[in-house]
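Undergrad: So the protein lines, in turn, are chains A and B.
Counting with the working numbering, you get residues 7 to 311 for the letters of the first sequence.
Counting with the working numbering, you get residues 23 to 296 for the letters of the second sequence.
In case anyone wonders, no lab produced these hints; they're calculated from the structure.
For each residue, glycine too, the CB sits at the ideal point set by N, CA and C.
A few of these clues could be false.
Facing chain B, a subset of chain A residues (Cβ under 8 Å, in silico) [unchecked claim]: (1) Asp16; (2) Asn19; (3) Gly109; (4) Leu156; (5) Pro160; (6) Ala190; (7) Glu200; (8) Ala201; (9) Thr205; (10) Val213; (11) Ala217; (12) Thr272; (13) Gly275.
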Amino acid sequence: MEASAAGDFDRRNSSWYVDKVVQALVFIGGISGILCILGIFVFISKEGFGFIANTIDIKEFFTSPNWRPTSEENPTYGALALIAGTASVTGLAMVVAVPFSLGAAIYIGEFARGKTREVLKVLVEMLAAIPSVVWGFIGLSIMNPVIIDLFDVPVGLNVLNAGVILGLMAAPIMTTIAEDALKAVPDHYREAAEAMGATRWQVTFRVVLPAAKNGLVAAVLLGVGRGFGETMAVLMASGHSINMPDSIFDSVRALTATIAAELGETAVGSDHYQALFTLGIFLFAITFVINLAADLVLRGIRKEA
Amino acid sequence: MAESASNVTRTDAIETDAIKTDAIKTDKLSLWYGNFQALFDVDLAIKQGIITSMIGPSGCGKSTFLRSINRINERLGYVRTRGKIEVLGHDIYGPEVEKVQVRKQVGMVFQRPNPLPLSIRDNVLFAYRLHDPQHRRKGKAALDEIVEKALRQVLLWDTVKDRLQRPAGLLSLEEQQKLCIARLIPVQPRVLLMDEPCSALDPAGTEAVEELIWELRGDYTILIVTHNMAQARRASEECIFMLMGKVVEHTDTAQMFVTPQHEETANYIEGRYG
Ligand SMILES: Nc1ncnc2c1ncn2[C@@H]1O[C@H](COP(=O)(O)OP(=O)(O)O)[C@@H](O)[C@H]1O
Ligand SMILES: [Mg+2]
Numbered sequence: 007m008e009a010s011a012a013g014d015f016d017r018r019n020s021s022w023y024v025d026k027v028v029q030a031l032v033f034i035g036g037i038s039g040i041l042c043i044l045g046i047f048v049f050i051s052k053e054g055f056g057f058i059a060n061t062i063d064i065k066e067f068f069t070s071p072n073w074r075p076t077s078e079e080n081p082t083y084g085a086l087a088l089i090a091g092t093a094s095v096t097g098l099a100m101v102v103a104v105p106f107s108l109g110a111a112i113y114i115g116e117f118a119r120g121k122t123r124e125v126l127k128v129l130v131e132m133l134a135a136i137p138s139v140v141w142g143f144i145g146l147s148i149m150n151p152v153i154i155d156l157f158d159v160p161v162g163l164n165v166l167n168a169g170v171i172l173g174l175m176a177a178p179i180m181t182t183i184a185e186d187a188l189k190a191v192p193d194h195y196r197e198a199a200e201a202m203g204a205t206r207w208q209v210t211f212r213v214v215l216p217a218a219k220n221g222l223v224a225a226v227l228l229g230v231g232r233g234f235g236e237t238m239a240v241l242m243a244s245g246h247s248i249n250m251p252d253s254i255f256d257s258v259r260a261l262t263a264t265i266a267a268e269l270g271e272t273a274v275g276s277d278h279y280q281a282l283f284t285l286g287i288f289l290f291a292i293t294f295v296i297n298l299a300a301d302l303v304l305r306g307i308r309k310e311a
Numbered sequence: 023m024a025e026s027a028s029n030v031t032r033t034d035a036i037e038t039d040a041i042k043t044d045a046i047k048t049d050k051l052s053l054w055y056g057n058f059q060a061l062f063d064v065d066l067a068i069k070q071g072i073i074t075s076m077i078g079p080s081g082c083g084k085s086t087f088l089r090s091i092n093r094i095n096e097r098l099g100y101v102r103t104r105g106k107i108e109v110l111g112h113d114i115y116g117p118e119v120e121k122v123q124v125r126k127q128v129g130m131v132f133q134r135p136n137p138l139p140l141s142i143r144d145n146v147l148f149a150y151r152l153h154d155p156q157h158r159r160k161g162k163a164a165l166d167e168i169v170e171k172a173l174r175q176v177l178l179w180d181t182v183k184d185r186l187q188r189p190a191g192l193l194s195l196e197e198q199q200k201l202c203i204a205r206l207i208p209v210q211p212r213v214l215l216m217d218e219p220c221s222a223l224d225p226a227g228t229e230a231v232e233e234l235i236w237e238l239r240g241d242y243t244i245l246i247v248t249h250n251m252a253q254a255r256r257a258s259e260e261c262i263f264m265l266m267g268k269v270v271e272h273t274d275t276a277q278m279f280v281t282p283q284h285e286e287t288a289n290y291i292e293g294r295y296g
């Protein structure tokens, strides 16, 4: 009698096993993500840190614009010009992307209705899926001659070109995140404001945007992170020449593009090779900080809500 | 049958008073959500300056009726109305009428308190700023005075006067609901619509808000939906009973609760419906 009662409670039927297996799979999936990140971090650190500790002059790295790793007699590793290149392109990209993406998000989230809205959302997602090399191609073959014609400059591959391309590239993903932030604003706020006689614009600007502020900041930060990390389009559109830019018509070279272009030609373990990994660590640190900031800002919303 | 009878049952007192303009008057108001008809030829005349309560089982169209009076139902793209609604003698669907103005005249208090995600002060001033384009030229002192007056009127001033800059969401539900009433006051609406304003509150909060509504009587025409028979009886002068999208009875509250003219009304009052 007792035994059979115990047996009733110990029913390890197929659902029980499926549950266990799924649990294990999910655990492996989750943990492998973390392990991969750690692995990448350990790998780039291992390749770069020796160099940081022994060879490199940190001050030179951050203050000298002379990136001459292949020089025979006196190689120098100043990353300032590369940092300036990345920063200028990303900065211009945000000038382009922020108004575009916030405008699009506001239109899609607050004004468009029914079919229009659905079509626009699909279009934005399609834009987000365009490979970066295609954007680079647009920069090279369309933007380049347009800039030369329009502004009467000798080369059209410069900060302007790369910034616009990168801005257009980052805008769709920023739009999607910003629209999510608007959607997270409870509808009863809009209803309350409208019931008091607010127009749609007033509802948007006085209620929805302030309420979605954190999500919008996070969208912009993720866009900045995307800009810093983007390689191919920037490599193709920026001109890829080392310069401290003092106008948007100067060609520049980005951190990412430098790594992509040079790593294949260096001997594993050489100073140059390690210097490139140092750039990688630097980029990794920056994007990490930006993403962390975006994450903290987003967390802030949830706590308030 | 119900709606034709409802006119007959209205007392003579109401008939003679009709010279005074009604605050809200509907003429064969029907409303559809998509293909679903929620209101059927509703004819109502709600008098100025008194509290009218609206009762009826859940889903009978009380909220729908209220929401059409300040045109907030139009937010839903699939709502269609037919018939006429007059507020203070103006056809609110008339070509010259702007719905922003309708909403200024007709304030609404919702079932769930819905303060905006702003400070207490900004909540009180929100509607005022919308409707007074000159508000920027008013000094801080003038605005402070408006805020104080509104909050005093809803008996909230003493509790919140030291934290006007704090988010309104931190207040208790009762305080939030009072704030939602207070924010209507600075624009001086003529009509207040209240959709079960106490149903999210505990008994003490209910009593406090009820008392407040009673205080506002006279200054405003109030139409209040309630699920609470005792509340309707205590707090209103006239009462409307609705059933399945139609008005069954509209009389003096006292009369409705003592000698209801319709069997459905009697059944509902005695609690035989849900
Ligand atoms: N937004 C809506 N869309 C579709 N049907 C609705 C909507 N709101 C209310 N209804 C329907 O209309 C009827 C009346 O609803 P409502 O006015 O909310 O009733 P009450 O406030 O008296 O409980 C109900 O049958 C309800 O299901
Ligand atoms: Mg209701």
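Undergrad: All hints, please: hold or fail.
TA: Here is how each hint holds up against the structure:
1. Asp16: Check failed: Cβ of A:Asp16 comes no nearer than 45 Å to chain B, outside 8 Å.
2. Asn19: Status violated, d = 42 Å.
3. Gly109: 22 Å, violated
4. Leu156: This hint is violated: A:Leu156 lies away from chain B, its Cβ roughly 42 Å from the closest one there, beyond 8 Å.
5. Pro160: Violated, about 51 Å.
6. Ala190: 12 Å, violated
7. Glu200: Where the cut-off is 8 Å and the nearest Cβ of chain B is about 6 Å from A:Glu200, the hint holds.
8. Ala201: 5 Å, holds
9. Thr205: Check passed: Cβ of A:Thr205 comes within 6 Å of chain B, closer than 8 Å.
10. Val213: 6 Å, holds
11. Ala217: 5 Å, holds
12. Thr272: Constraint on A:Thr272 not satisfied, violated at 54 Å.
13. Gly275: 57 Å, violated
Going down the numbered hints, you'll see the structure goes against 1, 2, 3, 4, 5, 6, 12 and 13, while the others check out.
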